[in-house]
Structure formats: structure tokens, C-alpha cells
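For reference, the chains in residue letters:
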Amino acid sequence: MGTSFGRGGATTFPADLQGSDCIVIQGSNMAECHPVAFQWVMEAKARGAKVIHVDPRFTRTSAVADLHVPLRAGSDIAFLGGLIHHVLTQGADFREYLVAYTNAPTILREDFADTEDLDGLFSGFDPATRHYDPVTWQYEGMKVAAAAGQRDEEHDDWVRRRARAGHETQRADAMGSHGAVFGGRPERDETLQHPRCVYQVLRRHFSRYTPELVEELCGVPRELFLEVAEAICSNSGRERTTAFVYAVGWTHHTVGVQYIRTAAILQLLLGNIGRPGGGIMALRGHASIQGSTDIPTLFNILPGYIPMPHAHHDQDLAAFIAGDAGDTGYWGNMGAYTVSLLKAWWGDKAQPENDFCFDYLPRLDGPAGTYQTVAGQIDGTVKGYFLVGENPAVGSANAKMQRLGLANLDWLVVRDFSLIESATFWKDGPEIETGELRPEEIGTEVFFLPAAAHTEKDGSFTNTQRLLQWHHKAVEPEGDDRSDLWFYYHLGRRIRDKLAGSADEMDRPILDLTWEYPTEGPLAEPSAEAVLREVNGWGPDGRALGSYTELAADGSTACGCWIYCGCFAGEVNQTARRRPASEQSWVAPEWGWAWPANRRILYNRASADPGGRPWSERKAYVWWDEDQGRWTGHDVPDFEPTKHPGYVPPEGARAEEAIGGADPFIMQADGKGWLYVPSGLVDGPLPTHYEPVESPVPNPLYACQHNPVREGMARPENPYNPSGGAPGSEAFPFVFTTYRLTEHHTAGGMSRWQPYLSELQPEMFCEVSPALAAERGLEPLGWATIVTARTAIEARVLVTDRMAPLKVGGRTIHQVGLPYHWGPNGLVRGDAANELLAVVMDPNVHIQEAKCATCDVIPGRRPRGPALLALVERYRRQAQSPPGGGR
Amino acid sequence: MGLTGRRQGWPVLAQVRGPDRLGRGAAARSARTARLQPRTASADRVVKSVCPYCAVGCGQEVYVRDGRVVQIEGDPDSPLSRGRLCPKGSASLQLTTGSAREHRVRYRPPHGSDWEDLDLDRALDMIADRVIETRRRTWQEHKQDGTRLRRTMGIASLGGATLDNEENYLMKKLYTALGVVQVENQARI
Ligand code: SF4
Ligand code: SF4
Numbered sequence: 000m001g002t003s004f005g006r007g008g009a010t011t012f013p014a015d016l017q018g019s020d021c022i023v024i025q026g027s028n029m030a031e032c033h034p035v036a037f038q039w040v041m042e043a044k045a046r047g048a049k050v051i052h053v054d055p056r057f058t059r060t061s062a063v064a065d066l067h068v069p070l071r072a073g074s075d076i077a078f079l080g081g082l083i084h085h086v087l088t089q090g091a092d093f094r095e096y097l098v099a100y101t102n103a104p105t106i107l108r109e110d111f112a113d114t115e116d117l118d119g120l121f122s123g124f125d126p127a128t129r130h131y132d133p134v135t136w137q138y139e140g141m142k143v144a145a146a147a148g149q150r151d152e153e154h155d156d157w158v159r160r161r162a163r164a165g166h167e168t169q170r171a172d173a174m175g176s177h178g179a180v181f182g183g184r185p186e187r188d189e190t191l192q193h194p195r196c197v198y199q200v201l202r203r204h205f206s207r208y209t210p211e212l213v214e215e216l217c218g219v220p221r222e223l224f225l226e227v228a229e230a231i232c233s234n235s236g237r238e239r240t241t242a243f244v245y246a247v248g249w250t251h252h253t254v255g256v257q258y259i260r261t262a263a264i265l266q267l268l269l270g271n272i273g274r275p276g277g278g279i280m281a282l283r284g285h286a287s288i289q290g291s292t293d294i295p296t297l298f299n300i301l302p303g304y305i306p307m308p309h310a311h312h313d314q315d316l317a318a319f320i321a322g323d324a325g326d327t328g329y330w331g332n333m334g335a336y337t338v339s340l341l342k343a344w345w346g347d348k349a350q351p352e353n354d355f356c357f358d359y360l361p362r363l364d365g366p367a368g369t370y371q372t373v374a375g376q377i378d379g380t381v382k383g384y385f386l387v388g389e390n391p392a393v394g395s396a397n398a399k400m401q402r403l404g405l406a407n408l409d410w411l412v413v414r415d416f417s418l419i420e421s422a423t424f425w426k427d428g429p430e431i432e433t434g435e436l437r438p439e440e441i442g443t444e445v446f447f448l449p450a451a452a453h454t455e456k457d458g459s460f461t462n463t464q465r466l467l468q469w470h471h472k473a474v475e476p477e478g479d480d481r482s483d484l485w486f487y488y489h490l491g492r493r494i495r496d497k498l499a500g501s502a503d504e505m506d507r508p509i510l511d512l513t514w515e516y517p518t519e520g521p522l523a524e525p526s527a528e529a530v531l532r533e534v535n536g537w538g539p540d541g542r543a544l545g546s547y548t549e550l551a552a553d554g555s556t557a558c559g560c561w562i563y564c565g566c567f568a569g570e571v572n573q574t575a576r577r578r579p580a581s582e583q584s585w586v587a588p589e590w591g592w593a594w595p596a597n598r599r600i601l602y603n604r605a606s607a608d609p610g611g612r613p614w615s616e617r618k619a620y621v622w623w624d625e626d627q628g629r630w631t632g633h634d635v636p637d638f639e640p641t642k643h644p645g646y647v648p649p650e651g652a653r654a655e656e657a658i659g660g661a662d663p664f665i666m667q668a669d670g671k672g673w674l675y676v677p678s679g680l681v682d683g684p685l686p687t688h689y690e691p692v693e694s695p696v697p698n699p700l701y702a703c704q705h706n707p708v709r710e711g712m713a714r715p716e717n718p719y720n721p722s723g724g725a726p727g728s729e730a731f732p733f734v735f736t737t738y739r740l741t742e743h744h745t746a747g748g749m750s751r752w753q754p755y756l757s758e759l760q761p762e763m764f765c766e767v768s769p770a771l772a773a774e775r776g777l778e779p780l781g782w783a784t785i786v787t788a789r790t791a792i793e794a795r796v797l798v799t800d801r802m803a804p805l806k807v808g809g810r811t812i813h814q815v816g817l818p819y820h821w822g823p824n825g826l827v828r829g830d831a832a833n834e835l836l837a838v839v840m841d842p843n844v845h846i847q848e849a850k851c852a853t854c855d856v857i858p859g860r861r862p863r864g865p866a867l868l869a870l871v872e873r874y875r876r877q878a879q880s881p882p883g884g885g886r
Numbered sequence: 000m001g002l003t004g005r006r007q008g009w010p011v012l013a014q015v016r017g018p019d020r021l022g023r024g025a026a027a028r029s030a031r032t033a034r035l036q037p038r039t040a041s042a043d044r045v046v047k048s049v050c051p052y053c054a055v056g057c058g059q060e061v062y063v064r065d066g067r068v069v070q071i072e073g074d075p076d077s078p079l080s081r082g083r084l085c086p087k088g089s090a091s092l093q094l095t096t097g098s099a100r101e102h103r104v105r106y107r108p109p110h111g112s113d114w115e116d117l118d119l120d121r122a123l124d125m126i127a128d129r130v131i132e133t134r135r136r137t138w139q140e141h142k143q144d145g146t147r148l149r150r151t152m153g154i155a156s157l158g159g160a161t162l163d164n165e166e167n168y169l170m171k172k173l174y175t176a177l178g179v180v181q182v183e184n185q186a187r188i
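Those protein sequence lines, which keep their order, are chains A and B. Quick note: the first sequence, position 495, residue 494 per numbering that gives the first Met the number 0, numbers continuous. Quick note: the second sequence, position 144, residue 143 per numbering that gives the first Met the number 0, numbers continuous.
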């Protein structure tokens, strides 16, 4: 979403769905996984909205939708691409919105070549390195200066350098808060006739995504597809809006980012972004998963999506900012955000003379994500590991690889409520049962430290709609239970005490760190409000700042996370605000605090026409009040409050001044929503259908079977099933998809130990169609064994029509559904579905493909002990499974 | 209560004599039932909170009595959830107060065959020593070509999606200052 619109968060909030005229839920079983938010979908339906559920399985969501569209797992881009094709060929786009607010009129370079021209590749592909050089993807006219020749090359070099740095530091995540930057002003053709304008390029790119193709590739009958297409077109425009809802069903793929891009293109074409009842609602899985991206526990970004610096010669702060900040759009102020962060961390030590301690930041020189870490553990380079409320021994793809990594550490710290599988693998993990590992051979020293619950500590969560809500401590924790705030604060204090007096250069950053927080209560708990206040930041007078627009690059302000600046405005914890719903509008601006600047629908300038008037009375949200000379409405305007709709930036303007009065996407360098992404993505400027790495069919569209720049892991622990008709692929004829249930939570660490929840969903099962059950002799309520090249697991058989076999490419494809909540520990036990998955990732954000892969299904329980290894070995031989395919 | 009194309290008599002829209301109520009170009524405090499971962020009200959590209900004031909780949110009383929680530090020495007890303070001290030692042993000041790295690849961390923002902030701040770059969370899983 960052690359399309400028910020990587849901564009809207669930309660706003009640005003939608049509809701498409795809890649999410919302009724099951986000049940309480689903009430807003049902409100909309009660008011007459059409609810469509697109999903391989018929689920609790489908049961109450107006329409369920079953499709083959892994074919969503083709389906959405089909909808784009329909909108473009029927002329159903919202033309005024499209021309004014998106880059549809922008003209591309002459040397750009599309996947239609190159059979599945874009121009710039280097087969040796399997990387794209994105220079040809740029806009026409993006020259550093008017002088030709030499200067153009300079610009190309600049683009290349940025792309390389972006690849090395995994920039796409940094796009969480802003689209890519560029220099210069692009050329536009507002009639959309120019053959190289984005609109025409889009038409060509999707020209073969016809209803016939959708039928062949996704297994969705033509009439059903057209019913969806007509529903979204007739429910978009001035008077009506359509919303899209997705969850991990879209992100867990080798082309995950491009899935979301496809929906973004569709919503921009239909004019549904920034408007009430419209938008793209990203449903996240964990209480604070949005927060853990905003204030990242992620390797490639610093708080507020500032990229982690990369190892370059002579790189100082100025070069770092110049390399990343654009001249135009709000990201043009990155210097202020970065310096304020360094001031928050190193206080008085951070001075202009020493580059505000910029040199204290460690440097990256390649990906350092969780799957690279696991490889490092197996190879012996990673020696110490902290697991904080995380259970990779059942919760990560290729769970066995995770456990092999844990077993090869020097030391491991586990912080959780109960003794989860990742804490006990050395004692009772599956490898102990098969005899591959023995406890006395495992040298890992394990510390299990019990964690405090949310009722035992103060703090804020950031939910799926970017909303920060404070929870208050109700009671003191028992025994050794402590908050993670306590643990990290006191661990840091001790490390600093032990290092005090060290003259070693490597210890300076930790010794100079600001680490004084007031503590309270019998356990010396650090004050969470004091930490939140540092996140918010303060000005030269020491008072809490009110907004990120007050941040300065001269070192006079400190701020721990610029996008959260304002959450402690006026020295008041804004996240603890709880004005009852009954006293507010549906936007509820006085409940908690949302980033940025308490705006609830992003890009809401687009809810008014270019002149600042609502597109229609029915869909009025934020508009220009000529008398007051400012933007007003139901929400905080996501725009400079007094910038006139007619404002035209003067020549040479920078940062927010370069954004025109009718440009709603203020984080983008050109203020436009991006149908086409010239830079910021490593796998292409437009979404393209590639088959999942493990697919039962060849790609009907291109010679390119898979995402050509996907990220694989060539290791013996990580073999892939042969795919797409390759020799041996018949060993794994079925597609499986993993999912969650209402009554459990992800890998089960917070649910499999609870008697109520365990009783509600007591056992691991697999969903199969009656036809597949008959084909493989599976008995209802009996056992089935599911096999991949990684391993085999067992599950109870649930035979149901909800898993409809699909006709794809002239043959019948059976799909198998597997919930992934179980593991060997807890009150209710079962095999973990993640055992079956291989590690293969989206190259932009390194999220693994978990929603579709191939398998075999046989009746009965799986073998125990070494016999299990023998079974898997037989399959590997039959499949001639290469050890670690991919890249 | 005499024999007559007890007889009068019989539900069947109360049903035929009283106004509740269907026996589904007052007639069936025993004195014990009448004395029952919801746990929410006897609480001394109600604390505003947020469900710790998924990202919908439903509002919770935590009922506390004598320093213990006695009940967790949906918060009717919340514009996100309007008082509702799903089965997980409703089970958060069990999550926070149930017997499945481990309240003591557990320690497994290298090659050990079982858990051992360990004092929390001692555990924290040992972990601080491990971090310092591993960091020193695996420190990378420069790359081979001379560019500065200033980091360790010997320590990694996974977690954060169910933690508070303040906790994630201290984690990222401490790790970065220590030169630990392999910091990841569920957002990538
Ligand atoms: S399981 Fe619980 S939450 Fe679900 S319908 Fe039944 S009573 Fe309601
Ligand atoms: S009550 Fe259910 S829907 Fe609401 S936040 Fe908790 S887990 Fe999510």
C-alpha cells in the first residue's frame, strides 16, 4: 500500500464499512478471524450493501455474504486483473478522479517494455543476478536538468543507485510510510490518449486478463465473475463507494505485495480511495502488529519507516538523507525526522558536530530477516536468540528448520506465558521422537522468563486501523512474571552497569544511550507513559510536541517515532481517550489516537472533487470551507488545513509546498495515487500473474512460471515440491491452504492452553471435498496424512462441500484446507501445519508463501519415529525433489 | 424456616399458587439463586483495557476485587466493538488468571535433561553476561573493504506483534545501540 498511496497502513477503519455500498472480502475470512469488526459488514448488508466473498473455501464469511466466489488459491492477481480489464474495457472508471488524483496521465519512457512484450518479464531483467534494473521503468521527463546527455546519465545512475540501495536494505518496507522519491516533474497527458501514458500501458498490460482467462486460470465461471465486476462498477462513482477487505490470504505469497497493488489499482480506477465507505481495509492478525511495524521490531527500518542505513563508503547523515529523502512531498522532511530520532536516543551526545551520532547506528549489507537468521543459526553464526511472545517452532514455515536452528544456539531466552514448543524443543520436539536429535547432544542454554499479561501493565496497542489505544494496569503481576518493558529496561541497565568505564569504541553507543526512565511500584516497573512521551517527542522548551510538522533538523527537537508525534500532545496521553461511542459520530475522533495526526481515513482530500466540494452529498466527508478558508468535515483533513484547492506549487518548491491543492496523496512525490509504480518495488511496476512456487499447473499467461525475482532458500532442510507439470510433480497433486479459526490464535500460544478455547476447537483437522475423500479413501472423522517434500503431518478428516473442486486449465484441482493452530504442547495437541511449508518469499517484504503449496493426501495416521523420515524420503525420491530449489 | 415455610418455597407450589404459572420465572427461583451476584457487581474497581489477541482492538473492562482480576467484559463505550468480544476476547480472563501460566523462571543448562529453578535476578544477570560476551566475540567493526558496520550478527531477536508500542520501542532502541540488527517480528511471518 505504501508504494501505491504513500503510507503502509489500512486506508480506512472497520466501522466505516457500514457506509459501503459494496464490500469485497478477498484473502480474508473476516467473520472467523476478525469477528467483532465483521459486525460493520453486517450493518452495511442490513442497509442494502452487497457483500462478496472471494475465497478458495466456503467459510463463515461466505455463509452470510450475498455471493461466494470460489477460486484457486494463488490466482488472485489474475482475478483482480480481470476486474481491472473489465473496468478499462467498459469505460467504467471514475474519469474525473482518475485524471486529477492518479498517475494515469503520466507518460513513461520510450524504452520501457511490458510483460506483454517480453513474455512475463519487464525490461531491465538481468538473468545472471535475477534482479531488475528499474531505470527503464521511470517517467518520461525525469531529468536532473534540461541539459541533455551527460546529465541524463547522471539521473539514470541515481535511479540505479537508489534501487540498489533499496534492494540491499529491503526498501519496500520503508515504503510503509511513503512511496518512492524522484527528482523532476513528470510529463502528463490529461486526455489519456498518449500511447505511453500509464492509462494506456495499463490497458495493454491487462489486455489478456479476460473473463475467459479468469475462468481457465482461477476456476471461476464467467457469469460469476461478471456478477462481481458489475457489482463493483455499479457501486462506485460519485454517489456510491465500494470497499476491499484483505488479510494474510493476500500477503502470504511470493507475489504478496503485488496482490495488494492489484486491489490498489482497481480502487484508484474506481475512485474509491480516501472516501467514506471505500478504501482498502487491511486486517492484521495481532493486537499490535501494526504498531510493531510503525515502531519496528524489524531489521530494515527504524521507527517511523526511516530505513536502516546501509554500509557505504563515507556515508554521513547528509548523504543518507539525500539518498532517501525526496525533494517533494512530506518525505522531503526526512532530515527533521531522522535528527529528532537521534536526539531522542543519544540526547546531549548528539550534536551537529558529530552528525548527531549518526555513526552510532549499525549498518546493513544484505537481508537480515527471520529466515536468514534461522539459516545463520543452523550454520553457527547466530549464537544468542531472544523469543518474545513468538513461537517459531510451530508458527513459522518449515518449522523443523526453525527447531534445528534453536538446537544449534549457545543460548536462548524465551519470554511467554507458558512453556511453548520453542522453549521445550530440546526435550520433546518432533526430532526427539524421530531420533534425529537427542537432548544430551543439544548444547542450547535455555532461559524461560514468564511474561506479564496486558492486565498487569500499562501500555498502548496499535490496532488494524492505525489506532493507538491505551490499556491500564489492573493488578500487579505474580511471581517472576514481568512486562517486556521491565525486562528490556533492566537488562539494558545491567549491561550498561557492567560496561561502565569501558573505553572501547564499540561500547560508546550503548553507554551514551539515553536510558533514564522513572520507575514505579514494588517491582521498579519503568513508566510506560514516560516512554510514550519520548516516542511523541519534545521541543526546545522540553514540552511535548503537538504534531510532526513541528519537528526540526537542527537538533532542537527530539522524537522517538515521527508518525506517532502528537499522541502525547498537550502533555496528555491521547491514546487513553475514551469518549463513549454514543457521544460521537461513527468516525469517533475522540477515542484513542490514530497516526498520522489522528486522521481516520487516509488521503481524505480525495473525498472532495478537485475544487474542494464533496463528490456528492451522500459521500461527503472532508471539504473546503471557503468562508473559513480551511478544510473541514467529519475527520481531521489529511492535508494542510489551509491549503486552497486551487493552490499551484511555484517552480522549485520542495517538500509539502510542492504538493498542489488538488493532490491528495501528500506522501508521494507528485501527490498522486500510483496505478503504476516507477520505483520502490523490486519485482515490477505492475502486478503480473505468476504461479505459486508450488503449483499444479503451468502458467497459462507467460513463459515465466514463477515470480522471476522471488527469494528462495537453497538449503537441504528446505526442499521444494516440483511444480507446474515438471517431472515428479505428480507426486504432489493437490493444493493446500492454511488458515485460522475464531477460537484459536495463530500458533496457539495464547489459546491452546485455555480450557474454554480448547474445548471449542479441540483437534487438528483437514477439510476435503467428498470427491477427494472418495478418490483417496478418506473416512469422515478418520485420519489423513498430508505429505510434502518437507515432512508429513496427520489430521482428522472433515469431509465437506465447502471445499469445492475447481476446473482449472481443463482439469480438476482438489484443494485441502488446514488450520495452523496446533502443536505438540498445550491442552489440545496436534501436528503443526507449518511443518509442511517450505521457505520461499516475496522479494519486496520477505514474507513467506503460506497460503498455497502442493501436497499429497493418504488415509490413516502418519508413521511414528524413524518410519516418518522413511515415508518422506520415499516421496522425495519419487518427486526427484531438488534440495532447495528456487533461489 | 419451618416445614410449612419450606413447602411454600417449593417451586411446584409457587408455580400453581403464584402468578408464574409456567414456572420459568419467579416460581423457579431459589433463595440461593436470589443471593447470587455477578462477579462484576462485587468488584471494587473497573479498569479500561484492550483485548490482547487480534488487531480489531476490542475494548475491555477489567473487574478487580482485592487486587485480583475477577472478570473481563466487553466495553460498551468502544466505537470499535460496541461491547462485543469474540470467544478469544471472552477467554482473556482465563488467559490472564488461568492455571496454564508459568509463574517461575525455568532454566535448562546446556545438554541438560530437565528444567531447573533459577532466581529471576540471577537469570537477568546471566543474560546480560551472555549478551556482552557474544557481542564481543562476534563484533564486526568494518567490512573487508573498510566500510563501517558497527554491529553483531551473533545475536538475534524475534517478537513484538503482541507487545505494547512502548515495549517495542525500548527493544529497538536497546538492540540498535548494542549493534544487534537481526530484529524481527510476526509482521513478517
Ligand atoms: S461460541 Fe461463544 S461466542 Fe460463539 S456463538 Fe457460541 S456463545 Fe457466542
Ligand atoms: S475480542 Fe476477538 S475480535 Fe475483538 S480484539 Fe479480541 S480477538 Fe479480536
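Any given hint could turn out to be false.
Straight-line distance between alpha carbons at most 20 Å, and here's what the computed SDA-like set of lysine to any residue pairs gives [stated by the list, open to error]:
1) A:K426 with B:D113
2) B:K142 with A:P366
3) A:K497 with B:Q93
4) A:K497 with B:R129
5) B:K142 with A:D503
6) A:K348 with A:N572
7) A:K806 with A:E656
8) A:K348 with A:D553
9) B:K47 with A:P588
10) A:K806 with A:E214
11) A:K618 with A:E238
12) A:K426 with B:I131
13) B:K47 with A:G365
14) A:K497 with B:P75
15) B:K47 with B:R20
16) B:K142 with A:D553
17) A:K497 with B:I131
18) A:K44 with A:E214
19) B:K47 with B:D113
20) B:K142 with A:P699
21) B:K47 with A:K44
22) A:K399 with A:G365
23) A:K497 with B:D113
24) B:K47 with B:P18
25) A:K497 with A:E519
26) A:K618 with A:R237
Below, a sample of chain B positions facing chain A; criterion: calculated Cβ distance under 7 Å [what the hints assert, rightly or not]:
27) R31
28) P51
29) K171
It is worth saying that the hints were derived from the structure and are not from the lab. Since this is a predicted model, take the numbers as computed values, not measurements. A virtual CB, placed ideally from N, CA and C, is assigned to each residue, including glycine.
We went through each hint and held it up to the structure:
no.: 1; hint: A:K426 with B:D113; in the structure: holds (8 Å)
no.: 2; hint: B:K142 with A:P366; in the structure: holds (15 Å)
no.: 3; hint: A:K497 with B:Q93; in the structure: violated (40 Å)
no.: 4; hint: A:K497 with B:R129; in the structure: holds (12 Å)
no.: 5; hint: B:K142 with A:D503; in the structure: holds (19 Å)
no.: 6; hint: A:K348 with A:N572; in the structure: violated (28 Å)
no.: 7; hint: A:K806 with A:E656; in the structure: violated (54 Å)
no.: 8; hint: A:K348 with A:D553; in the structure: holds (14 Å)
no.: 9; hint: B:K47 with A:P588; in the structure: holds (18 Å)
no.: 10; hint: A:K806 with A:E214; in the structure: holds (8 Å)
no.: 11; hint: A:K618 with A:E238; in the structure: holds (6 Å)
no.: 12; hint: A:K426 with B:I131; in the structure: violated (28 Å)
no.: 13; hint: B:K47 with A:G365; in the structure: violated (44 Å)
no.: 14; hint: A:K497 with B:P75; in the structure: violated (49 Å)
no.: 15; hint: B:K47 with B:R20; in the structure: violated (43 Å)
no.: 16; hint: B:K142 with A:D553; in the structure: violated (31 Å)
no.: 17; hint: A:K497 with B:I131; in the structure: holds (9 Å)
no.: 18; hint: A:K44 with A:E214; in the structure: violated (28 Å)
no.: 19; hint: B:K47 with B:D113; in the structure: violated (41 Å)
no.: 20; hint: B:K142 with A:P699; in the structure: violated (46 Å)
no.: 21; hint: B:K47 with A:K44; in the structure: violated (31 Å)
no.: 22; hint: A:K399 with A:G365; in the structure: violated (25 Å)
no.: 23; hint: A:K497 with B:D113; in the structure: violated (30 Å)
no.: 24; hint: B:K47 with B:P18; in the structure: violated (42 Å)
no.: 25; hint: A:K497 with A:E519; in the structure: violated (23 Å)
no.: 26; hint: A:K618 with A:R237; in the structure: holds (8 Å)
no.: 27; hint: R31; in the structure: violated (25 Å)
no.: 28; hint: P51; in the structure: holds (4 Å)
no.: 29; hint: K171; in the structure: holds (6 Å)
When the structure is compared with the earlier hints, violations turn up for hints 3, 6, 7, 12, 13, 14, 15, 16, 18, 19, 20, 21, 22, 23, 24, 25 and 27 and for no others.
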